[in-house]
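Number of protein chains: 2
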Amino acid sequence: MRPAQRREQLKDRLIAAAEQVIATRGLAAVRARDLAQDVGCAVGAIYTVFPDLNALVLAVNSRTLAMLDEVLAGPGEKGACAAADVAAAAESLVALALRYLDFAHRHPRRWRALFEHRMPEGEPIPDAHVAEQARLFTYVEEPLRSLCPKLPGRERMLLARSLFSAVHGIVSLGLEEKLVPMPMPTLKQQLALVVRAAVEGLLNAPSSAKPAEARR
Amino acid sequence: MRPAQRREQLKDRLIAAAEQVIATRGLAAVRARDLAQDVGCAVGAIYTVFPDLNALVLAVNSRTLAMLDEVLAGPGEKGACAAADVAAAAESLVALALRYLDFAHRHPRRWRALFEHRMPEGEPIPDAHVAEQARLFTYVEEPLRSLCPKLPGRERMLLARSLFSAVHGIVSLGLEEKLVPMPMPTLKQQLALVVRAAVEGLLNAPSSAKPAEARR
Chain A
1 MRPAQRREQL
11 KDRLIAAAEQ
21 VIATRGLAAV
31 RARDLAQDVG
41 CAVGAIYTVF
51 PDLNALVLAV
61 NSRTLAMLDE
71 VLAGPGEKGA
81 CAAADVAAAA
91 ESLVALALRY
101 LDFAHRHPRR
111 WRALFEHRMP
121 EGEPIPDAHV
131 AEQARLFTYV
141 EEPLRSLCPK
151 LPGRERMLLA
161 RSLFSAVHGI
171 VSLGLEEKLV
181 PMPMPTLKQQ
191 LALVVRAAVE
201 GLLNAPSSAK
211 PAEARR
Chain B
1 MRPAQRREQL
11 KDRLIAAAEQ
21 VIATRGLAAV
31 RARDLAQDVG
41 CAVGAIYTVF
51 PDLNALVLAV
61 NSRTLAMLDE
71 VLAGPGEKGA
81 CAAADVAAAA
91 ESLVALALRY
101 LDFAHRHPRR
111 WRALFEHRMP
121 EGEPIPDAHV
131 AEQARLFTYV
141 EEPLRSLCPK
151 LPGRERMLLA
161 RSLFSAVHGI
171 VSLGLEEKLV
181 PMPMPTLKQQ
191 LALVVRAAVE
201 GLLNAPSSAK
211 PAEARR
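As given, the protein sequences belong to chains A and B, one line each in that order. Counting from 1, one number per residue, gives the positions in the first sequence under our numbering. Counting from 1, one number per residue, gives the positions in the second sequence under our numbering.
Among the clues, some could well be false.
To be verified - 16 Å max Cα-Cα, derived EDC-like pairs, lysine to aspartate or glutamate: (1) B:LYS188 to A:ASP52; (2) B:LYS150 to B:GLU132; (3) A:LYS188 to B:GLU155; (4) B:LYS11 to B:ASP38.
In short, the hints are calculated from the structure, not lab data.
Given these sequences and hints, build the entire structure.
Right, dumping it as structure tokens:
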């Protein structure tokens, strides 16, 4: 095996080991010494394939984002959504929120790691990772395009992020065992209620958010 | 000074020291050894007045909740809000969201500590602390009473928590320097936009959330 190949293999094994730790014990349990032991290498060898543990965690988070991406894409609804149908667009936003809840519920530690991980002071998140995060918002922007066709692109992007954040807040505090804990069926009802209300309100808003469509 | 008095004094000084650490460096920086050094006592002395560091952190979080409570109460609007005026109730929810954002922005580490702190596995949050947390939601429930007078109490309580969580999500991800960062003026606009939309949508919803009032 050539050195480059060996490096790639070590990298993959380290990502798999870190992924396993994050999925079962959470981000805080990721430690260089344990990972080295898991894959059977020296601690120093980790730093021959990753500049630091942050890069390794980002590699795991990229995999989580790819999983989430697949879940949010849903069962082939992409075409249906473009059909500029207000009711369908509203329901696709509700469905999106419920898929997000489902993902967070099924993969709580992986999902939390996306939000808990912080780069060291002054170090920016690599562009490629930012792009992977940004892809998630396109799932919200798409139905918004049908709901509010007159909304300028930048406003739509901001609104998509705000709606994502609102849903994230309900999911995040709802799944926590403190402050706002809710059983799953209640959480689903509440998510659907708030998302439907927000969409309805956006349709009726006397602002640039108003769509060309007749109000339902 | 009697022993009981001395204990009370040590307790107060430890809370003040932990408060200072949380406010300036965050929850993760709270360490028994440093606190003992700050107040000039032995590490063991801490555990003569607090069962563990969690109890000390909860004491600091109680102070933060009291501060937040005061901010959310706002400048004497309580009476105005009871006036069952739909428009005023909607705007008081927007004002509440903006005050929450302002608090989080001015006291980021204190505020994060409210959500980052977790009790050890299996230990419940003390009832008194849960009650302090629950008080926050009454600020959301009050305007909802005017907006949706027919909504049963339990549904109103759930909706208040969901709206709080949605606002928390927008504030939380918006203030983070990752994923959904937004400058403050944008964040304020987005908060107001989403809260107004949700309220408008709740008023128009063909559900039990519909208020007795004529629609605006």
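Against the structure, the hints come out as follows:
1. B:LYS188 to A:ASP52: violated, 37 Å
2. B:LYS150 to B:GLU132: violated, 27 Å
3. A:LYS188 to B:GLU155: Answer holds: LYS188 of chain A to GLU155 of chain B is near 14 Å, not above 16 Å.
4. B:LYS11 to B:ASP38: Roughly 13 Å between the alpha carbons, so the hint for LYS11 of chain B and ASP38 of chain B holds.
Checked against the numbered hints given earlier, this structure breaks hints 1 and 2; the rest are met.
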